[in-house]
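S.K.: Protein sequence lines correspond, in order, to chains S and A. First residue of the first sequence: 1, per the working numbering; consecutive thereafter. First residue of the second sequence: 114, per the working numbering; consecutive thereafter.
A hint or two may mislead.
SDA-like, lysine to any residue: derived pairs with alpha carbons at most 20 Å apart [what the hints assert, rightly or not]:
id, chain 1, residue 1, chain 2, residue 2
1, S, Lys42, A, Val151
2, A, Lys128, A, Phe178
3, A, Lys154, S, Pro8
Chain S is nowhere near these chain A residues, computed Cβ spacing over 10 Å in every case [stated by the list, open to error]:
id, residue
4, Ala115
5, Pro121
6, Ser124
7, Lys128
8, Val132
9, Leu134
10, Asp137
11, Pro174
12, Arg177
13, Leu179
14, Gly184
15, Tyr187
16, Thr189
17, Thr226
18, Val227
Rather than coming from a laboratory, the hints here were simulated on the basis of the structure. Predicted model, so just to flag it, every value in this text is computed and none were measured. Quick reminder that beta carbons are idealized off the backbone N, C-alpha and C, glycines included.
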Amino acid sequence: RKEVEQDPGPFNVPEGATVAFNCTYSNSASQSFFWYRQDCRKEPKLLMSVYSSGNEDGRFTAQLNRASQYISLLIRDSKLSDSATYLCVVNRGDGGSQGNLIFGKGTKLSVKP
Amino acid sequence: EAGVTQFPSHSVIEKGQTVTLRCDPISGHDNLYWYRRVMGKEIKFLLHFVKESKQDESGMPNNRFLAERTGGTYSTLKVQPAELEDSGVYFCASSLRRSSYNEQFFGPGTRLTVL
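In isolation and in its complexed conformation, chain S is listed as follows:
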């Protein structure tokens, strides 16, 4: 079983649509959770951290369910510039390995005019 699992997509949506990505993780010791965005042939960039209470940043909302080991990202009013691969990322969580990030393979989003 992969440590972080995501639907690879692609998700093809029209501008203005709402799209949701889901992710599950297997390591119950993980303590921190993130969504990164990666454009084609570029480096990953942090989109948002995900907290237990859920958090929102403009059009983006992230949710975390520790009991189910499930993370979600909701994008409202999609823009063309949202087209990218979205990476679900968790930390390994044990002791000195907090900085050791575990990546999912990513979900590709394509927003069309």
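Chain A: place on chain S using the hints.
M.R.: Just chain A now, kept in the frame of chain S:
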């Protein structure tokens, strides 16, 4: 403020040769990480430095890989001898603190091709 920089951006070598990748973290960031993405796979952790010390090297694939961070500034990752399966994109990242929610800033990566 300059971001994380990596050199070279691309490297094409033959099997059996040696390659050294360099990473310059953001100034003042004590934490430096190496990751690798092999084609078709997810990005995987290789190791983590805190200043010049290796905090976690659990992701290093084998003893053909040697990472150093002398003086706690830039880091090098040497592959010797390179094998075909070492091809991929090698990312370096740095962070200011080691706490679990501390953002890691990634460099643009070095694309390594072993022929």
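S.K.: Checked against the structure, which of the hints given earlier come out wrong?
M.R.: none
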